[in-house]
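So you can see what is in the structure, the chains are spelled out below.
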Amino acid sequence: MFYRLSGVHHANYVSDSRIFKVPADRNLAIFVFLFGLAAPFLLPSLYLNSYMLPWLIWTAAALGLNLVTGWAGQLHLGYAAVMAVGAYSAIHAARFGVPWEFALIIGGLASSVIGSLFAFAALRVKGLYLALTTLAMQFVMDWVLTHSPAISGGSHASLQSPTLALLGQDITSDTGYYYVAFGWCLLVTIFMLNLKRTGLGRALVAVREKDFAAAILGVNSFYYKILAFAASSFIAGVSGALLVATFFFLAAPEQFSVAVSIQVLAMVIVGGLGSIIGSYLGVALILLVPGLVNGIVAGGSQSLGMQINVETLAHIPNAVYGALIVIILLIEPLGLGKLYGNIRDYLMVWPFDQLRK
Amino acid sequence: MTNRQTAISTSEGAILECRGIERRFGGIVAVTGVDLVIQPQEIFGLVGPNGSGKTTLTNAITGFYPPNVGTIRLAGEDITGTAPHKVAKLGVARTFQNLALFNGMSVLDNILLGRHIHMNPGIFHTAFYWLTAKREEIENRKIVEEVIEFLQLESIRHELVDGLPIGLKKRVELARALVAEPQMLILDEPMAGMNQEEKGYMSRFILDARAERGVSVLLIEHHMDVIIGICDRMLALNYGEMIASGIPKEVVKDPRVIEAYVGGSHG
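Protein sequence lines correspond, in order, to chains A and B. Just so we're aligned, residue 148 is where the first sequence starts under our numbering, counting upward by one. Just so we're aligned, residue 31 is where the second sequence starts under our numbering, counting upward by one.
These aren't lab readings, by the way, just hints derived from the structure by calculation. Don't take each hint at face value.
Examples of chain B residues lying across from chain A (beta carbon under 10 Å, computed) [claimed, not checked]:
#: 1; residue: 47
#: 2; residue: 59
#: 3; residue: 134
#: 4; residue: 151
Keeping only pairs whose Cα atoms sit at most 27 Å apart, straight-line, the calculated DSS-like set for lysine-lysine is [said to hold, decoys possible]:
#: 5; chain 1: B; residue 1: 199; chain 2: B; residue 2: 116
#: 6; chain 1: B; residue 1: 199; chain 2: A; residue 2: 357
#: 7; chain 1: A; residue 1: 168; chain 2: B; residue 2: 283
#: 8; chain 1: A; residue 1: 485; chain 2: A; residue 2: 343
#: 9; chain 1: B; residue 1: 172; chain 2: A; residue 2: 357
#: 10; chain 1: B; residue 1: 172; chain 2: A; residue 2: 168
#: 11; chain 1: A; residue 1: 357; chain 2: B; residue 2: 116
#: 12; chain 1: B; residue 1: 229; chain 2: B; residue 2: 199
#: 13; chain 1: B; residue 1: 199; chain 2: A; residue 2: 168
#: 14; chain 1: B; residue 1: 229; chain 2: A; residue 2: 343
#: 15; chain 1: A; residue 1: 343; chain 2: A; residue 2: 273
#: 16; chain 1: B; residue 1: 199; chain 2: A; residue 2: 485
#: 17; chain 1: B; residue 1: 164; chain 2: A; residue 2: 168
#: 18; chain 1: B; residue 1: 172; chain 2: B; residue 2: 199
Backbone N, C-alpha and C fix where the C-beta goes; we use that ideal spot for every residue, glycine too.
Chain A with its partners taken away, still in its complex shape:
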């Protein structure tokens, strides 16, 4: 049903290497794209700004982390620090008078350089040791940010972001911010979709799965690990800069603290390592579900006439959201992306599922 494979024939290699081989997948992607494009006209600006926009930017950031953790298999607990480098570099560049287009690229490149330093740790240590090393680097970054007024912007440790302007247009409206986020997320998504079907993606998976076997095929794992960190850090840097420029408007160290690093990692793991749609779903769960549960609990208690005190009200969403993460990972350790894949695979053969291998 829906995802029908019969009648789908690939008569040449170009057609067989399409991103979406099943028509239903392509139609779904087009629908989501059109919905994203039309969102400013469909959704009230409150939803657009406080839900859709952060969702898109965090998805771009999570996809960047997925590149290094999901594809190249390197645990990274200092991702927020890398985002901070990009955010602060871009904003300082913009404040200095550099056009925003270049400021964003400067932010991305600065992140790439710092992020590649993490890669040198990854070449020496693996697994939990790498997690700890990257965590240590996150703390170093935090310390540097909070202790150098020149970077973090004086005694209040906050840095005003100048007005965003792209292609000569000042961007000040909610719709404008949304489209910037949408465009960036789209670019990152296309990159990741291409990664799935090119030699770079295969080489990264090879390094993740068996580095000795990768070596005998001519894959230099040293080079590809650095490449993965550099590319993912670039995405992190630009995402961090856009987050400040379109959402926070004010850069502060706690926006990129260690808790944020863990949150992005949670988004990637709940969504599914190596899954693109999973990153979208994972970010939605981590970012949007707490607010949603909050609304449901508050609304429910009101309509039932129950008196719930403020403290309980604040704790229930956290408990529900924590339980949701545990339940999802128990049902499917490979995350929401795999869960979606299971449903899709089931529908593909329904109602003839007895024919499934």
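With chain A held as given, fit chain B onto it using these hints.
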């Protein structure tokens, strides 16, 4: 040692030439004084009991454990101590005794990885797929498809390698090695755990690979019938040392080889 002379033979135009290879791990001498010359388009057998140093020798050639003493030349070029990924670029491909396919990837992607050294993957190729990578991917796909057809893997090309039976996995690994278009192909026990029919298929594939693709093969095997059947020459190792070399039919009659394998049958 008279037998050693035949293994050395002439090194003129040899594809692979190992001289006096020694590799130690701490106090253990895994391989010592091994000379090996493989001529172009030769299928060369390497046998020996478990722990006799066969895999250590291949690891020395492919750069995982560079030899402590000795030199290795590939088509005249000294490759002693070269990193594995560079050895691969110079035209050495190998399969592993315990299989080294990448789980979670399809058969096709696994084999495409064999084309890595002929491709130019990078960030910009991926970002601007339609400009550059598309053509490259398609061209390499064509070459991969030739090998898929050659090894009769068409029906499973889109399946994940994780669940395949071992005979097919070994064949996928051979395909991955072949698409790299190597000069020298090292097969580490490609028929371990196979039945007679599968062994027959695999032997035929190795012979065809030489006939159609002109590769030279270093074949590690425990199945003596295969070694006698398809190898031009062979070398027997025991405790890291050469005990016999030459034409397979003669080597397997060598009392030292028989002693090493079955333990003093000539008593």
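Tested hints:
1. 47: It is violated, given that the least Cβ distance between residue 47/B and chain A is near 20 Å, above 10 Å.
2. 59: violated, 23 Å
3. 134: holds, 7 Å
4. 151: Nearest chain A Cβ about 3 Å off; hint holds.
5. 199/B x 116/B: At roughly 25 Å apart (the allowed maximum being 27 Å), residue 116/B and residue 199/B satisfy the hint.
6. 199/B x 357/A: Holds, at about 15 Å.
7. 168/A x 283/B: At roughly 58 Å apart (the allowed maximum being 27 Å), residue 283/B and residue 168/A break the hint.
8. 485/A x 343/A: Between residue 485/A and residue 343/A the Cα gap is close to 16 Å, so the pair holds against 27 Å.
9. 172/B x 357/A: holds, 26 Å
10. 172/B x 168/A: Given that 27 Å is the threshold and the Cα spacing comes to 19 Å, the pair holds.
11. 357/A x 116/B: Measuring from Cα to Cα gives roughly 17 Å; hence the hint holds.
12. 229/B x 199/B: Roughly 14 Å between the alpha carbons, so the hint for residue 229/B and residue 199/B holds.
13. 199/B x 168/A: Satisfied, since the Cα-Cα distance of roughly 26 Å is no more than 27 Å.
14. 229/B x 343/A: violated, 35 Å
15. 343/A x 273/A: Cα-Cα ~24 Å, so holds.
16. 199/B x 485/A: The hint holds at about 25 Å.
17. 164/B x 168/A: holds, 16 Å
18. 172/B x 199/B: holds, 21 Å
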